[in-house]
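Each protein sequence line maps, in turn, to chains S and P. Per this note's numbering, the first sequence runs over residues 1 to 336. Per this note's numbering, the second sequence runs over residues 337 to 585.
In short, the hints are calculated from the structure, not lab data. Beta carbons are placed, not taken as given, at the ideal position from N, Cα and C, and that holds for glycine. Treat the hints with caution; some may be incorrect.
[As the list claims (entries may be wrong)] In silico SDA-like links for lysine to any residue, alpha-carbon gap of 20 angstroms or less:
1. S/LYS55 / P/GLN496
2. S/LYS266 / S/GLU227
3. S/LYS104 / P/LYS387
4. S/LYS39 / P/LYS387
[To be verified] Ranges of calculated distance between the beta carbons of each label pair, as one might list FRET restraints:
5. P/GLU578 / S/ASN222: 51 to 57 angstroms
6. S/VAL174 / P/LEU581: 17 to 23 angstroms
7. P/GLU487 / S/GLU187: 53 to 59 angstroms
8. S/GLY178 / P/SER558: 35 to 41 angstroms
9. S/ASN193 / P/GLU578: 39 to 45 angstroms
10. S/ARG232 / P/GLU578: 34 to 40 angstroms
11. S/LEU204 / P/GLY579: 54 to 60 angstroms
12. S/GLU187 / P/ARG574: 56 to 62 angstroms
13. S/PHE330 / P/THR557: 31 to 37 angstroms
14. S/ASN105 / P/LYS443: 43 to 49 angstroms
[What the hints assert, rightly or not] On the chain P side, residues computed to face chain S include the following (Cβ under 7 angstroms):
15. LEU382
16. ARG409
17. ARG416
One-letter residues, chain by chain:
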Amino acid sequence: MDHLTMAIESSCDETSVAIVRNGREILSNIISSQIEVHKVFGGVVPEIASRHHLKNINGVADEALKVAGVTLDDIDLIGVTQGPGLVGALLIGLATAKAFAFAKNKPLVGVHHIQGHISANYIEHKELEPPFMALVVSGGHTSIIEVLGYNEFKVIGRTRDDAAGEAFDKVARVLGLGYPGGPLIDEIAKKGNKEAIHFKRVYLEKDGFDFSFSGTKTGVINYLNTEKQAGREINIPDVAASFQQAVMEVIVRKAVDAAEKLGQDKIVLAGGVAANSSLRTMLENACRHKGIMLFCPSTILCTDNAAMIACAAYYKYKEGYLDDMSLDAFPNLPLE
Amino acid sequence: MYILAIETTGAAASVALINEEGLISSEATGERLNHLQNLMLMTEKLLDDSKLSIGDVSCIGVSEGPGSFTGIRIGVSTARALSQALNIPIISVPTLKTFVYNIDHYKGIICPIFDARRNQVYSGAYVWDRQGINITEKIKGDAYSILEIFEELEKSTTGQDTEIMFFGDGITVYEEQILNWAEKVSASGLKVTFAPENIRYQKASSTACMALELFKHDRATSYENIKPVYMRQAEAQRKLDEGILTAYK
Ligand SMILES: [Zn+2]
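For reference, chain S alone in the conformation it holds in the complex:
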């Protein structure tokens, strides 16, 4: 018997609803992005995001059902992101998921957004199973997580200040590139020399796996100020490439070190910044060198999407997790 999960994701600026068969097969994955709406503000405005989620969610759900060729009655499980994220955005998805589950008397499972990002890889790579080391890099997170089971996580390292994606947004802003910063820096960096300027690599404690990117970010700002004061012209592609190199070098080194130290032979990349081409190339090279298998999701599964939430909900449900009608939003939900 096929098992159908419907899931809703609305933690930041994408409204998404997906239908997934047997945990790993996408029947539909509709994503309504608000990037254009927030561009003019240079970042996501929570109140505006909430308003757009509410405006869009029912239509997105309707389309997800239509594309999958099923009705709500056919659904066996409803999954929904319950955190972390913007509380006003999360609650639109949660209220909708709860109402669907209540109206149709379907089981309901709340999902941690990062568990969703990691699960995107189960959809992409049908053979992948835990345990493995996960590297999650996104607008809000930079974490190294030991994935011991479908629902068992150990956070090995996390950022102490800015997430990598945040640092990219801020540097893109001072470089006058626009928003969102990640893809813009990635693109322009291709025309630059990554060794042109040396920005500080922050490794924090030796043997530790936590990250700090604010120093590297400040390094870029200071460099730009110094050059401006000296009246020198700034080569933006060089700055972007050198900054990106400084950030990615630390991330890749720490991820590979963590896998080696804990005896994991697989690294799974996840999160919005997982689409970054330089991160992928550097990680591929490092993994090949160390004999570690690397798994990456396709670009569409790197962004916030509901298919990954459906997959995570499916494996939670299979292992006995179930929520009731009191399910609430947790903007700072911990993974462990």
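We have chain S already, so just place chain P with the ligand on it with the hints.
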């Protein structure tokens, strides 16, 4: 025929069931501002206590706002999703007007004021005409300063001996100003009172009464047509429009 009414625009949330005879049962929470967690639980209990299931509900009524932005969104998204999943119609109920149903056969002017911060209230003024949707709107529901409300009330009552009853959480903020104004206008025949605590705030039983009237007047529609009524732009949007904030390239 049962309408399930949802009210989440204020500090306390409530749900109510009404049938065509106007018989009501309702469920409220004493807990403040935890609507997402409580709303479906209250609905579950209300239906259980009424020996009904969600499948027996034939229409959803939802308090559309104004009020707390978050509260409005929880109510509207829940109502729309229920309507979509159950394939039943939905009725959007203007929150300010529902206060007419908080007090039976009141002859004076009903004036709800919700604290909207930034020195504003969401407010309007209404007179119960006959039973029905024939509510006379003395002041159109919108965001005003309290002084604008005083002015509008004076304008719409010139030369009449009438009573005005204030409702809503704005009373807490503006009580003193209202009392001072009341003293000033008492000479011209205006009598000002505050609604007693038990009927002062939004409640789903009133949403249900108004929803039933609107239902009888064929105002039920598809969930696609239901929009929240914020009565105010997002702060960042306002700043952008007023040039306080410059657009990011
Ligand atoms: Zn994400």
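Hint check:
1. S/LYS55 / P/GLN496: Cα-Cα ~44 angstroms, so violated.
2. S/LYS266 / S/GLU227: Not OK: S/LYS266 and S/GLU227 at ~43 angstroms, beyond 20 angstroms, violated.
3. S/LYS104 / P/LYS387: 18 angstroms, holds
4. S/LYS39 / P/LYS387: 51 angstroms, violated
5. P/GLU578 / S/ASN222: 51 to 57 angstroms: 34 angstroms, violated
6. S/VAL174 / P/LEU581: 17 to 23 angstroms: 18 angstroms, holds
7. P/GLU487 / S/GLU187: 53 to 59 angstroms: Holds - the Cβ-Cβ distance for P/GLU487 and S/GLU187, about 56 angstroms, lies within 53 to 59 angstroms.
8. S/GLY178 / P/SER558: 35 to 41 angstroms: 39 angstroms, holds
9. S/ASN193 / P/GLU578: 39 to 45 angstroms: 44 angstroms, holds
10. S/ARG232 / P/GLU578: 34 to 40 angstroms: 38 angstroms, holds
11. S/LEU204 / P/GLY579: 54 to 60 angstroms: 43 angstroms, violated
12. S/GLU187 / P/ARG574: 56 to 62 angstroms: Hint violated: Cβ distance 33 angstroms, outside 56 to 62 angstroms.
13. S/PHE330 / P/THR557: 31 to 37 angstroms: 34 angstroms Cβ-Cβ, so the 31 to 37 angstroms window holds.
14. S/ASN105 / P/LYS443: 43 to 49 angstroms: Holds - the Cβ-Cβ distance for S/ASN105 and P/LYS443, about 47 angstroms, lies within 43 to 49 angstroms.
15. LEU382: Hint violated; P/LEU382 Cβ to chain S Cβ min 12 angstroms, cut 7 angstroms.
16. ARG409: Cβ of P/ARG409 sits 5 angstroms from chain S, so the hint holds.
17. ARG416: The hint holds - P/ARG416 has a Cβ within 7 angstroms of chain S, the shortest such distance being about 5 angstroms.
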